[in-house]
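Number of protein chains: 2
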Amino acid sequence: MSEEQNSAGKDADGLNERHNARMARKKEVVDKKIDAAKRNAGVLVITCGNGKGKSSSAFGMAARALGHGMKVGVVQFIKGAIATGEENFFRRFPDEISFHVMGEGYTWETQNRERDVEKAEIAWQRAKELLSDPAIGMVVLDELNIALKYKYLDVQRVIADLQARPTMQHVIVTGRGAPPELIAVANTVTEMQPVKHAFADGIAAQQGVEW
Amino acid sequence: MSEEQNSAGKDADGLNERHNARMARKKEVVDKKIDAAKRNAGVLVITCGNGKGKSSSAFGMAARALGHGMKVGVVQFIKGAIATGEENFFRRFPDEISFHVMGEGYTWETQNRERDVEKAEIAWQRAKELLSDPAIGMVVLDELNIALKYKYLDVQRVIADLQARPTMQHVIVTGRGAPPELIAVANTVTEMQPVKHAFADGIAAQQGVEW
Chain A
1 MSEEQNSAGK
11 DADGLNERHN
21 ARMARKKEVV
31 DKKIDAAKRN
41 AGVLVITCGN
51 GKGKSSSAFG
61 MAARALGHGM
71 KVGVVQFIKG
81 AIATGEENFF
91 RRFPDEISFH
101 VMGEGYTWET
111 QNRERDVEKA
121 EIAWQRAKEL
131 LSDPAIGMVV
141 LDELNIALKY
151 KYLDVQRVIA
161 DLQARPTMQH
171 VIVTGRGAPP
181 ELIAVANTVT
191 EMQPVKHAFA
201 DGIAAQQGVE
211 W
Chain U
1 MSEEQNSAGK
11 DADGLNERHN
21 ARMARKKEVV
31 DKKIDAAKRN
41 AGVLVITCGN
51 GKGKSSSAFG
61 MAARALGHGM
71 KVGVVQFIKG
81 AIATGEENFF
91 RRFPDEISFH
101 VMGEGYTWET
111 QNRERDVEKA
121 EIAWQRAKEL
131 LSDPAIGMVV
141 LDELNIALKY
151 KYLDVQRVIA
161 DLQARPTMQH
171 VIVTGRGAPP
181 ELIAVANTVT
191 EMQPVKHAFA
201 DGIAAQQGVE
211 W
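Protein sequences, first through last, are from chains A and U.
When you number the first sequence by full-length UniProt numbering, it's gap-free, plus one each residue, and the end is 211.
When you number the second sequence by full-length UniProt numbering, it's gap-free, plus one each residue, and the end is 211.
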């Protein structure tokens, strides 16, 4: 073996050793955090922000929950003008997931505030039924944040109903403009920040990706 | 009707009118953007950042794609030590989605860099098969970013293989630490920013929500 190869071999050994040592320290930190968080409870998760991934993340969690044998309920507050992939797909399993599409498209499509308020109220009644049923392990309230942002629904009333839900039930709330009062009572909140979007490349909303 | 009620009624009318006018302007802006973006193409989507929702967003898009009758392929690069809800669920549809779990848990669990590199290479071979198959409409490469971050795989080789894929195939890449070279060639990139997490409330990772 040449000296160069030998030195390269030593470098690789060094890289592996340093990596393994760093991972050992990381494992300690992660294990400690996991040890500290032991309580099981239904969580309120909010996905907000202007980036892509808010609703799709909620539907990914719905798929996870179904994979663990949990029952899931979905209310879509704003979407509904076009049939979406998530609706097509999850409607295949009516015994496991109840899927309610209550909106009539985005609010800038309807151009009618009074009708939007009425629709939001009907959607919330459906949500309340799901939030009262301990057999449902996860409730997805898709685009609820938008209904709150435009004050179609009163945020304090929504929070009261959310907090009265069964203790082990998870709720996922999605949409831009999550009100601070709701963020304050949530357990997990992620803001989806757009770094770039295919729109800018002149690419239309793609089936399977955006809807 | 008292003067007060009358004035409240006028206020409500004003609110509705202003809202409808604002929504009309918004519709114009949104419609223009949609008109400008007309091309159909397979997109490369990256979900990164430290917040919750990266993998779940990818699995939500997988559900959407299945709902449109597309075929989906999934390679999980890092996870795999425990059976996840997404794996349980999507394995129900072997004719529609091929699900490959290649990792052996997180890298700080394995504590062995050489084995991680070998596993990543095997996973990439599986990914390449999916990326060569025009019958597959969407490929999810879950936690690929972590394999790139730790240089288990060469980023330039990965980019070359991604760019050689069928033109209409969508790819979703997830994980913390997306390399800038990959972000540069992606169409849509979202950074999931943690605002708060249930861990801080002492709540353990919840079935259906985190796994």
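One or more hints might be untrue.
If chains are identical, the list can't say which one is meant, so a pair holds when it fits in one copy or spans any two.
Said to hold, decoys possible - Cut-off 25 Å, straight-line C-alpha distance, at most; resulting in silico cross-link-like pairs (DSS-like, lysine-lysine):
1. Lys-32 - Lys-128
2. Lys-38 - Lys-128
3. Lys-27 - Lys-128
4. Lys-149 - Lys-71
5. Lys-151 - Lys-27
6. Lys-32 - Lys-196
7. Lys-196 - Lys-27
8. Lys-71 - Lys-38
9. Lys-128 - Lys-149
10. Lys-27 - Lys-71
It is worth saying that the hints were derived from the structure and are not from the lab.
As the structure is a computational prediction, the values presented were derived from the model and not from experiment.
Within a copy, between copies, both or neither: which one fits Lys-196 and Lys-27 at a CA-CA cutoff of 25 Å?
between (33 Å within a copy, 22 Å between copies)
Checking an output row: Lys-27 and Lys-71, CA cutoff 25 Å. Within, between, both or neither?
So Lys-27 and Lys-71 fail the 25 Å test inside a copy (34 Å) and across (37 Å) alike.
What label fits Lys-149 with Lys-71 when the C-alpha limit is 25 Å: within, between, both, or neither?
For Lys-149 and Lys-71, neither the intra-copy (29 Å) nor the inter-copy (37 Å) Cα distance is at most 25 Å.
Status of Lys-38 relative to Lys-71 across identical chains (alpha carbons, at most 25 Å)
within (23 Å within a copy, 39 Å between copies)
For Lys-128 vs Lys-149, is the C-alpha pair at or below 25 Å within one copy, between two copies, both, or neither?
Classified as within: same-chain Cα gap 19 Å, cross-chain 44 Å, threshold 25 Å.
With identical chains treated as interchangeable, where does the CA-CA distance between Lys-27 and Lys-128 reach 25 Å or less: within a copy, between copies, both, or neither?
So Lys-27 and Lys-128 fail the 25 Å test inside a copy (42 Å) and across (31 Å) alike.
Lys-32 and Lys-128: within-copy, between-copy, both or neither at 25 Å Cα
neither (38 Å within a copy, 37 Å between copies)
Status of Lys-128 relative to Lys-38 across identical chains (alpha carbons, at most 25 Å)
neither (29 Å within a copy, 40 Å between copies)
From the Cα coordinates, with 25 Å as the cut-off, is the pair Lys-151 and Lys-27 best called within, between, both, or neither?
Between copies only: 19 Å across chains, 45 Å inside a chain, cut-off 25 Å.
State whether the alpha carbon distance between Lys-32 and Lys-196 is at most 25 Å within one copy, between copies, both, or neither.
Cα proximity of Lys-32 and Lys-196: across copies only (18 Å, versus 36 Å in one copy).
Of the hints listed earlier, those the structure fails to meet are numbers 1, 2, 3, 4 and 10, in rising order.
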